[in-house]
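Visitor: If you read the protein sequences in the order shown, they are chains A and B.
Following the numbering used here, the numbering of the first sequence begins with 12 at its first residue and continues without gaps.
Following the numbering used here, the numbering of the second sequence begins with 12 at its first residue and continues without gaps.
Any given hint could be a false lead.
Pairs of lysine to aspartate or glutamate, DMTMM-like flavour, derived with a Cα cap of 25 Å [what the hints assert, rightly or not]:
(1) K304(B) to E117(A)
(2) K348(A) to D124(B)
(3) K191(A) to E166(B)
(4) K348(A) to E118(B)
(5) K304(B) to E143(A)
(6) K348(A) to D142(B)
(7) K87(A) to E209(B)
(8) K304(A) to E117(B)
(9) K348(B) to D124(A)
(10) K193(A) to D158(B)
(11) K98(A) to E356(B)
(12) K87(B) to E209(A)
(13) K348(A) to E143(B)
(14) K87(B) to E210(A)
(15) K87(A) to E210(B)
(16) K284(A) to E332(A)
(17) K304(B) to D142(A)
(18) K348(B) to D142(A)
(19) K98(B) to E356(A)
(20) K17(A) to E184(A)
If you want a taste of the chain A side facing chain B, the calculated C-beta under 7 Å gives, among others [said to hold, decoys possible]:
(21) R99
(22) R157
(23) P180
If you want the footprint, here are the derived chain B segments under chain A, 3+ residues with CB under 8 Å [claimed, not checked]:
(24) 88-97
(25) 104-115
(26) 174-180
(27) 341-347
Note that these hints are calculated values from the structure, not bench results.
Ideal Cβ placement from N, Cα and C applies to all residues, glycine included.
Protein chains: 2
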Amino acid sequence: MADVRKLIDKHARDVHQRIRRGVKPSMTLPVRSLSNVRYRPAEGYLKITGKKKVRTLTVNTVKTFAQTLRMLAMSKELIATGRHSTKREAYYQAYNWGAAAFGSQEESATVMDDIEAMLAVNREQIHFRADEHGGEVAGELIVIDRDRRTRRRIEIDCTRFGSGAYSVPTVVEELSFRTKAKFILAVETKGMFERLQEEGFTHTHHCILVSMGGVPSRACRRFIRRLADEKALPVYVFTDGDPYGYFNIYRTLKVGSGNAAHLNEYFCVPQAKFLGVTPQDIIDYELPTHPLKEVDIKRARDAIKNDPFIRHYKAWQKAVEQMLSMGQRVEQQALAKHGLGFVAETYLPEKLRSRAFLP
Amino acid sequence: MADVRKLIDKHARDVHQRIRRGVKPSMTLPVRSLSNVRYRPAEGYLKITGKKKVRTLTVNTVKTFAQTLRMLAMSKELIATGRHSTKREAYYQAYNWGAAAFGSQEESATVMDDIEAMLAVNREQIHFRADEHGGEVAGELIVIDRDRRTRRRIEIDCTRFGSGAYSVPTVVEELSFRTKAKFILAVETKGMFERLQEEGFTHTHHCILVSMGGVPSRACRRFIRRLADEKALPVYVFTDGDPYGYFNIYRTLKVGSGNAAHLNEYFCVPQAKFLGVTPQDIIDYELPTHPLKEVDIKRARDAIKNDPFIRHYKAWQKAVEQMLSMGQRVEQQALAKHGLGFVAETYLPEKLRSRAFLP
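Bound conformation, chain A alone (with noise of 0.2 Å):
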C-alpha cells in the first residue's frame, strides 16, 4: 500500500510550487464513467481507462480546488491521529472552512470521489469510512485486530459466537487472519447464514460463512478479498435465483461495479465463484418458483446486451438466457421444500463436489 501521506504531500507540493513559480496550479483526475470501463479477466474487475480531466484554478473552479485541498489536509490529520471519519462528519467538519464549505452533502461526496481518484488510493486509505453494515462472519477463522485503547494484539475466534456472528467493521486494512478452512462460503441473506450455522456447516465442511445482507457493502467486499488473497481461499457465492443475485450482488462483489470504477481493483472478488441458485437448479432439485417480474424481465435482457462481464462470459449468458427462457426465478429458502436440513446436507455438499460453478 502506497504511504498516503507521501503521496498528499506530493500532490499538495506540486500545487504550491506551481503557485510560487506563478503558473496555474491544476489537478488531474481520471474520468469515472461506464463509458471510460473494460473488463479483462486477468486483470479481474471493471478497470478504469485512459481517460483523464485536468481541473485548473480558475474563477468557475476556485471553490472546488479550495474544497479539494482542505479535505487533503483533513485527510493527512486523520492519518496522523489515527481517526477515521464518515462522509457526513467531514461534511459538517467542513462547515468552519468560510467560503470553502460545501453547499450539500453530495457536494462533499464528490470531492472525496475525485481524491480516491486522483491518488488512486481507496477511501479507507485516506481514512474516511462508509456508514454502513460490514457483514457478518462465523466459522473457522481467527481475526487478528488491535484493541482500540491499549494497541494490543486481539485475536477473535469466530467458532465461538454461538447462534451470534462477527460484525465486520467498516474499515478493515489493519486486520490480519488465521485459518484452517478450505473455502469461503458468501451468502446473500441473513436467514440463510443462521440456517447453516444451526446446521453445523461450517464445522462439517471446514469453511468460513459470510452473510453479505443483500449487495455487499465495500467493507464486505474488502474483508472477502482480503481475506480470500492472503489465505489463498476459495470463495463461493450463494444467493436468490434472480437478476438482483446474479448481477447487484455476485456481479458486484467478483468484479465490482461501473460507477465507481476507480474503486474496483480493491472492493473485487476475482476469485469469486457462482455455486446458486441456477436456473438449471430449478429443473434439478424440483424447486418452487415464482414468475419473473418486468423489472427482472428488462434487467436480463440488458446485461446480456450491455454488461462487460456477462458478455465475456459464454456461460453466464446461457444461464441468463435459460432464466428468460423459463420466465422464472427462485429464492435461496425454496430448497426448503425438501425439508431444513436439505440444503446443507444434500444441495451445497453436491454442488461443492460437481465444481459446476459458474465463472
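Assemble chain B onto chain A, guided by the hints.
Guide: Chain B only, in chain A's frame:
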C-alpha cells in the same frame, strides 16, 4: 415463559374434541389493528385491548383453518428438534401440504401472525424467526450463549472485538448476560457506533453500545429489553433530530408500533429515555441543520394529533412543536462541526450529567 408445546397441544385438543363431539371447531383471535390499541405508561407499551374475532370452521374458512393447524404442528416439530424456521422457509415447507399449501408468502405470514396472537406468544417462542439483522454490540458486556453443536456454554466478551462488534442473532431468548456497565446507549447509525468506539466511549463511561442500524429490528429491541430487564440497566437513545428518529426509531423501540400491537409486550423497551438530538440541542450547541421536508412536517403534525404515545407526554408535544416552529431537522453527525471528538468528550457527557432526557 409459557410452555409453548403444552399451549399448542391444548389448542389442538380443543379442536379435536369438538370434532369428536360433532360440534364445529373454532379459534378465537384478538383483532390486530390500531383501533384496538391503548397506551398506559404503567403497562409501558401500546397494548392490544379486548376486541376478539372467532373463526369457526366453514366452507369459507376450511383452508385457513387447515393451514393454522398444520403450522401449529410445524412449530411443535421445530421446538422438538431445536430448529428455527424463517417465514420464507415455512412457506416453502408448506409446498407439500397438498390442498392446504399457501397461495402466497403473504398468506403464510398472516397465518403466522394469527398463531402468535392466538397463543399470545412471540414468533421466536414458536421457533419462527425474522430474516433481518439484529444490531451490533460493543462495550462492557459478556453475552452467555451455547455452542450450536456441543451445547457447551460460551462466553462472548464484547470488549474484545477490536474495531469489529458482536452481531446479535435473530433469536435472543436463550441468551444471558454478565455486566458491570452503568447503562446501555443505543445509537441510530453504524457511523456513530464506530465514532464512539474510536473515541473509547464505552471504556471511559462504562457502558454498552448498541447500533440499531435505523429502525431497530425485533431481535435488536428484544435484545435491549432482555438485557435492560435482567441487569436493571437504564437505556438511553441517541438518534438524528427528525421525525424518523423520534417516531420510527425511538417510539418503536420504547413502546412498539400500531400494526404489530400483539407483539409490543415482548419487543418494547419501556425503560428507554431519549437523549438527543433534540430541537433544543440545535440552539444550545449551535448545530448545522437541514430544512424539514414536506413529509417530515406531515408526519410530525400527524403524531401530535394521533400518536397515543406523543399525546401522552407534554414534553414530547413541546419538542415536536419546537421542531415544527424552527422548521429544521438535525443529524447526529452535525456535532462533528465542533471536531470529531466533541460528541464523546462534551455532548454525551453533558447530556448524561444534566439528565434532561425526553420520556
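Visitor: All hints are to be evaluated individually against the structure, with a verdict given for each.
Guide: Against the structure, the hints come out as follows:
Straight-line distance between C-alpha atoms of K304(B) and E117(A) comes to about 17 Å, which keeps the hinted pair within the 25 Å bound. Annotation: proposed proximity of K348(A) to D124(B) holds, straight-line Cα distance about 21 Å (limit 25 Å). Proposed proximity of K191(A) and E166(B) is supported: the alpha carbons are some 23 Å apart, at most 25 Å. Proposed proximity of K348(A) and E118(B) is supported: the alpha carbons are some 17 Å apart, at most 25 Å.
A distance of roughly 24 Å separates the Cα atoms of K304(B) and E143(A); the hinted pair therefore holds under the 25 Å criterion. Distance check on the hinted pair: K348(A) and D142(B) sit about 18 Å apart at the alpha-carbon level, within 25 Å; holds. Only pairs whose Cα atoms come within 25 Å are accepted, and K87(A) paired with E209(B) is accepted, the gap being roughly 17 Å. Straight-line distance between C-alpha atoms of K304(A) and E117(B) comes to about 17 Å, which keeps the hinted pair within the 25 Å bound.
For the suggested pair K348(B) and D124(A), the alpha carbons sit about 21 Å apart, so the restraint of at most 25 Å is met. For the suggested pair K193(A) and D158(B), the alpha carbons sit about 21 Å apart, so the restraint of at most 25 Å is met. Of the pairs offered as hints, the one joining K98(A) and E356(B) holds, with about 21 Å between alpha carbons and a cut-off of 25 Å not exceeded. Proposed proximity of K87(B) and E209(A) is supported: the alpha carbons are some 17 Å apart, at most 25 Å.
At most 25 Å may separate the alpha-carbon atoms for a hinted pair to count; K348(A) and E143(B) meet this at roughly 21 Å. Of the pairs offered as hints, the one joining K87(B) and E210(A) holds, with about 18 Å between alpha carbons and a cut-off of 25 Å not exceeded. This hinted pair checks out: K87(A) and E210(B) have alpha carbons roughly 18 Å apart, not beyond 25 Å. Restraint check for K284(A) and E332(A): the C-alpha separation of about 19 Å stays at or below 25 Å, so the hint holds.
Proposed proximity of K304(B) and D142(A) is supported: the alpha carbons are some 22 Å apart, at most 25 Å. Of the supplied pair hints, the one linking K348(B) and D142(A) holds, its CA atoms being roughly 18 Å apart against a limit of 25 Å. Our distance criterion of 25 Å between C-alpha atoms is met by K98(B) and E356(A), whose separation comes to about 21 Å. For the hint linking K17(A) to E184(A), the alpha-carbon distance of about 18 Å falls within 25 Å, and the restraint holds.
Given hint, R99(A) at the interface with chain B, holds; its Cβ is 4 Å from that chain's nearest Cβ, closer than 7 Å. Against a cut-off of 7 Å between C-beta atoms, the interface hint on R157(A) holds, since the closest Cβ of chain B lies about 6 Å away. Interface hint at P180(A): satisfied, since its Cβ lies 4 Å from the closest Cβ of chain B, which is below the 7 Å cut-off. As drawn, the segment 88-97 of chain B meets chain A at 4 residues by the rule of a beta-carbon pair under 8 Å; at three or more, the given contact holds.
Check on the segment 104-115 of chain B: 3 of its residues sit with their Cβ under 8 Å from a Cβ of chain A, so the three-residue criterion for coverage holds. Against chain A, the segment 174-180 of chain B contributes 7 residues with a C-beta closer than 8 Å to a partner C-beta. That satisfies the three-residue criterion, and the hint holds. Counting residues of the segment 341-347 of chain B whose C-beta sits closer than 8 Å to any C-beta of chain A gives 5, which meets the bar of three, so the coverage hint holds.
The structure meets every hint from the earlier list without exception.
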